[in-house]
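> Listed here are the chains, written in short residue letters.
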Amino acid sequence: MNEVLQGRDASPRRPGCGSGGRLGEASLPAPAPEGAGAPGFALTRNGHGSLLELSIGPQHPSTHGVFRMDVALDGERVVGLKPVFGYLHRNHEKIGENTTYLGSMPYTDRLDYFCSLTNNWAYALTVEKLAGLQPPPRAEYIRIITAELTRLQNHASLVGFLLQDMGAMGTPLMYAFREREKVLDLFESLTGARMMCNYMRFGGCRCDLPPGWLEQAKEVVDGFPRFLDELEALLSENEILLSRTQGVGVLPRELAVSAGITGPMLRASGVNYDIRKVDQYGIYDRFAFRVPMGDHGDVYDRYMIRVLEMRESLKILEAALRDIPEGPIVDPKAKLRGFRPKAGEVYGRIEAPKGELGFYLISDGSPQPYRYRVRPPSFINLTVLEDMCRGRHVADVVIILGSVDIVMGEVDR
Amino acid sequence: MSAPLLGQGIIKGLVETARNFVGSYVEKDRLTTVQYPEERVPQKEAARNFPFLVYDGEDWEKGLRCVACCICEKECPPQCIYIVKDTARKPDYLGKLQFQPKVFDIDTSVCMSCQICVEVCPFDAIKMDVEYELSTGNRFDGLLQRKAQLAKPNQYFHKIHPAEAAEVDGRLDAEKAKAEAKAKAAAAAKAAAG
Chain X
1 MNEVLQGRDA SPRRPGCGSG GRLGEASLPA PAPEGAGAPG FALTRNGHGS LLELSIGPQH
61 PSTHGVFRMD VALDGERVVG LKPVFGYLHR NHEKIGENTT YLGSMPYTDR LDYFCSLTNN
121 WAYALTVEKL AGLQPPPRAE YIRIITAELT RLQNHASLVG FLLQDMGAMG TPLMYAFRER
181 EKVLDLFESL TGARMMCNYM RFGGCRCDLP PGWLEQAKEV VDGFPRFLDE LEALLSENEI
241 LLSRTQGVGV LPRELAVSAG ITGPMLRASG VNYDIRKVDQ YGIYDRFAFR VPMGDHGDVY
301 DRYMIRVLEM RESLKILEAA LRDIPEGPIV DPKAKLRGFR PKAGEVYGRI EAPKGELGFY
361 LISDGSPQPY RYRVRPPSFI NLTVLEDMCR GRHVADVVII LGSVDIVMGE VDR
Chain Y
414 MSAPLLGQGI IKGLVETARN FVGSYVEKDR LTTVQYPEER VPQKEAARNF PFLVYDGEDW
474 EKGLRCVACC ICEKECPPQC IYIVKDTARK PDYLGKLQFQ PKVFDIDTSV CMSCQICVEV
534 CPFDAIKMDV EYELSTGNRF DGLLQRKAQL AKPNQYFHKI HPAEAAEVDG RLDAEKAKAE
594 AKAKAAAAAK AAAG
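Same order as they appear, the protein sequences are chains X and Y.
Going by the working numbering, the residue at position 260 of the first sequence is 260; the numbering climbs one at a time, nothing skipped.
Going by the working numbering, the residue at position 72 of the second sequence is 485; the numbering climbs one at a time, nothing skipped.
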């Protein structure tokens, strides 16, 4: 608990941004004596009678699922925050070790249920690495198209949810969901399901694009900039949004790196790290796109990064939809039934919309993996929540959590 | 941040809201929702919800393509399929004697619509249905689909997934023609030898 209180000045604040400057070093209670103990509500039980304990969640609508925060408050101000999760635990990893390699594919849809296609890709990529399969070019293009469409709809709905958390009741969220609807329609006509796509297979994709799909996709991609322009006109300069987000929930660069934060959250803190550029998995080396980065690492930067990333995704999509070649969609070496990769271990990762999504597999040559481990971006990005929230108001906690972009299916697994 | 006039950003946003409000009356892509029970969006051809068993001909018990090989039962990730093999055999579309399922149950509440049973089936016997209004008042027997409820004719498969059904039929017909030609050749060779 000492550590909890001493760490409070880890996040430097920009002066004059929003209401951030005023709250900084106001009177915090003295640290409790050494060894006082247990996490969570211990703060108030150790002589700080003036503190208020508050349990936010797990059924609170702004907690994005079943996430609970035990918050210790000094007035309106957060002095300690302990995330509590596990309410959505479904034993994903052990199920993965007891079912065949293919049988885990539909379960990966249910990790981050907003982005099932990128989850599929990360898992397929890992197993392909293990079994030495190479998807044909058309399959690689389809993967990039579906992954970037997934990124579009994830970021659009994240912005909507973030504004919902700020109190913009409905409007931005409904606009975002309207656009997401168009992308989900594309997914449905390609994969048969809107969210639980279960589309990628080891060494390729399950089925080819239906006739006319590329034209529909082009239409959606061409119509998307209009939505982004309108979204930016609606939000980016809105004074209420600026005062609620600028200087709020600052994540310093050093902390972001040392805590293993990935994805838009890391880039908002000014670190140039995008696995699409670093690993160049799939065929991302064929596409020209930029990696947007933030300066301040606050909630506004995290919002802006998502908008800019959507614009970059559109560039990739335009190029991919133009250049997609004809050809087979599955590696002829790939086997659907009786798939047994040889013994070995492998870690595969991709840049999912929320950050680095990795799968770690150990094979012992049997039809089931010996060990199946997921490295979920939401879970690891959530670990710095307390550092971002300390010293802020309760209302800020909700938007800071919203800007992290978590999905509990992935956090709890 | 350069806001010359406080409130300008809000006014700009309100203009967008007004544009969307008016636009929702005239532009189709600004209003994508429909009034569900009365109005329905057309089903996508790839849509999938719950598996069914295909049968050929008129009699579902005779025409069932399933040969009770139990591959789908083994591969099903949530293990929602339950099959018991029958001891009696029946001829399949090639005239070969095959096993048949005595019991074939799928639990609607466990099935997660992943389509893996369809992909692994070597006999094109199990396919995905598009029926989605499956709610029932009885949460025990009502959710457990038996063989008789699962069996649906090939014509129904043609109706819901025309392209896929045509492809499957073409493949089965080709196999049948090949088998018949082979049988004919064998018979001719036998006659010539005799």
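The reader is advised that the hints may include incorrect statements.
[Claimed, not checked] Dumping the calculated EDC-like pairs for lysine to aspartate or glutamate here, alpha-carbon to alpha-carbon at most 16 Å:
| no. | chain 1 | residue 1 | chain 2 | residue 2 |
| --- | --- | --- | --- | --- |
| 1 | Y | Lys425 | X | Glu232 |
| 2 | Y | Lys441 | X | Glu232 |
| 3 | X | Lys129 | X | Asp222 |
| 4 | Y | Lys441 | X | Asp279 |
| 5 | X | Lys315 | X | Asp222 |
No lab work stands behind these hints, which were simulated from the structure alone.
> Each hint: holds or not?
Here is what the structure says about each hint:
With a C-alpha separation of about 10 Å, the suggested pair Lys425 of chain Y and Glu232 of chain X falls inside the 16 Å cut-off, and the hint holds. For the given pair, Lys441 of chain Y sits about 22 Å from Glu232 of chain X by alpha-carbon distance, which is inconsistent with the 16 Å threshold. Using a Cα cut-off of 16 Å, the hinted pair Lys129 of chain X and Asp222 of chain X is violated, with the two alpha carbons roughly 35 Å apart. For a cut-off of 16 Å, the pair hint linking Lys441 of chain Y to Asp279 of chain X is broken: about 41 Å separates their Cα positions.
Straight-line distance between C-alpha atoms of Lys315 of chain X and Asp222 of chain X comes to about 10 Å, which keeps the hinted pair within the 16 Å bound.
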